[in-house]
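A.B. asks: If you want the building blocks of each chain, they are given just below.
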Amino acid sequence: MRSFFQRALLIAALALPPLAANAAGETDAEVAAHAAALDLGGAFTNDGFKLRDGDYEGTLQPGQSVLVQVNLYAGNEYWFSVATSDPKAPIAINVYDETGKLLKTNPYTDAHRAAAGFSPDNSGPYYVRVANPGAAATYCLIYSYK
Amino acid sequence: MAMLALTGAPAWAAALVVPQTLPASALAQAVQEDTFTMPTPGELLAALNKVGKPNWQAQYRAPIPTAYTSRPQIALNLGGLIADGYLAVEAEDSQQVQNIGRDIMTLAKTLGISEDILRRGKSIEDFAENNEWSTLKEELEATQNEVKLAMDQQHDEELTTLVSLGGWIRGTEAVSGWIANNYTPEEARLLRQPAIVALLRQKLAALPEKTHTDDLVKGLDSHLSTIQQMVSFPTTQTPTQDDVKKLNAAATDLIETITSKK
Chain A
1 MRSFFQRALL IAALALPPLA ANAAGETDAE VAAHAAALDL GGAFTNDGFK
51 LRDGDYEGTL QPGQSVLVQV NLYAGNEYWF SVATSDPKAP IAINVYDETG
101 KLLKTNPYTD AHRAAAGFSP DNSGPYYVRV ANPGAAATYC LIYSYK
Chain B
1 MAMLALTGAP AWAAALVVPQ TLPASALAQA VQEDTFTMPT PGELLAALNK
51 VGKPNWQAQY RAPIPTAYTS RPQIALNLGG LIADGYLAVE AEDSQQVQNI
101 GRDIMTLAKT LGISEDILRR GKSIEDFAEN NEWSTLKEEL EATQNEVKLA
151 MDQQHDEELT TLVSLGGWIR GTEAVSGWIA NNYTPEEARL LRQPAIVALL
201 RQKLAALPEK THTDDLVKGL DSHLSTIQQM VSFPTTQTPT QDDVKKLNAA
251 ATDLIETITS KK
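Going down the list, the sequences are from chains A and B.
Just so you know, we're using this note's numbering here: the first sequence kicks off at 1 and counts up by one.
Just so you know, we're using this note's numbering here: the second sequence kicks off at 1 and counts up by one.
Read the hints as simulated data drawn from the structure, not as lab findings.
Be aware that one or more of the hints could be misleading.
What the hints assert, rightly or not - Here are the simulated lysine to aspartate or glutamate pairs, EDC-like style, with alpha carbons at most 20 Å apart:
no., chain 1, residue 1, chain 2, residue 2
1, A, 104, A, 77
2, A, 50, B, 146
3, B, 50, A, 77
To be verified - In silico contact screen, one side only, chain A against chain B (beta carbon under 7 Å); selected entries:
no., residue
4, 48
5, 49
6, 70
7, 102
8, 125
We put the CB at the ideal spot given by N, CA and C, even for glycine.
With the rest of the complex left out, here is chain A (with noise of 0.2 Å):
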């Protein structure tokens, strides 16, 4: 049944006409996504953390996942965020070291939006890994540090 609306969703939004876009070149979709991502990475500037300006957006198909190269430092406490346009679409992010072995982080999920903090041990390459369990959705990741 679930499979059958998930579907259906996906064939609908394959029948649109692309959506809009805004003066800056992203269309409605990635606008949306764009401020749920700041709306949760914003959260975390009460702690201290410094938002990067610079962002990743893309849609994912149903099952579809991306994984996205980030240089980090030892020391520096890091909250990836990613949020889908559809608050009904949700997304979920997993970060991995340069061997490929996934990491414990500090999990923050709601319905549209996900988050993973953690702190490296060491200076290098990491990878967030941003995956769609749910719908066909635009997403935005984004990240702080501290």
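Place chain B on chain A using the hints.
C.D. replies: Relative to the frame of chain A, chain B by itself:
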């Protein structure tokens, strides 16, 4: 157990399973986005501030020329100046921030991208006068992103790589200079960043043919190759003070090449 439960499940259900490990082939295909994958100088300085109390003024350099004619050289030095701006903000040096802000605007003008950046320059000056250091860090990062955006808009995309490169190498010069003179193993381990240099070299190799004909750009890869070896040590290894001095010498050599008036 999780796999059994998913037998016969739709494809999207696979995303619910979090892999415990990712193969090297997956890591090799990870997205590398300039404004996300390349850390800002501010992130490195924040890490260093946690293990010591660096005197950033000691890492200032003499003002650089601002009358270059080669666009790649201007882009490289623009990146370097933005890194200088971070140092001045960390040192909470209002006058130095304003001086550097003016140099950034001068170089931006010669690239024809000043209109978008001038507003930002005025903000930098105002925030520096009011000692708003936290806001200034955000302004510098926004300035760097706006410079890159303006370059994209005027079809100078290749120059954005050079801005990132100039910023990273100047940041590395300053930080390695501090650590070389105030050595602790913990600080030295912060210099490990193999993927950043690999990414910069990869982007450099992908620059258009016309940019590669620039004499300065031609020589960059050999410098970066040397530096890559120095910052690619294993996580179990700690660079010695001598190693850090060598890295600092290599970064200084490259910065001198970049700033030398042609």
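A.B. asks: For the restraint on residue 125 of chain A, tell me whether the closest CB of chain B is nearer than 7 Å.
C.D. replies: holds, 4 Å
A.B. asks: Does residue 49 of chain A pass the interface hint, meaning its C-beta sits closer than 7 Å to a C-beta of chain B?
C.D. replies: violated, 10 Å
A.B. asks: Have a go at the residue 70 of chain A hint: is there a Cβ in chain B nearer than 7 Å to its own Cβ?
C.D. replies: holds, 6 Å
A.B. asks: Given the hint that residue 50 of chain A pairs with residue 146 of chain B, test it: the Cα-Cα distance must not exceed 20 Å.
C.D. replies: Cα-Cα ~18 Å, so holds.
A.B. asks: Holds or violated: residue 50 of chain B with residue 77 of chain A, Cα cutoff 20 Å?
C.D. replies: holds, 11 Å
A.B. asks: Identify whether the interface hint at residue 48 of chain A stands, where standing means a beta carbon of chain B within less than 7 Å of its own.
C.D. replies: violated, 9 Å
A.B. asks: Close enough to count: is the Cβ of residue 102 of chain A nearer than 7 Å to one in chain B?
C.D. replies: holds, 5 Å
A.B. asks: If you draw a straight line from the CA of residue 104 of chain A to the CA of residue 77 of chain A, is it 20 Å or shorter?
C.D. replies: holds, 14 Å
Checked against the numbered hints given earlier, the structure breaks hints 4, 5 and satisfies all the rest.
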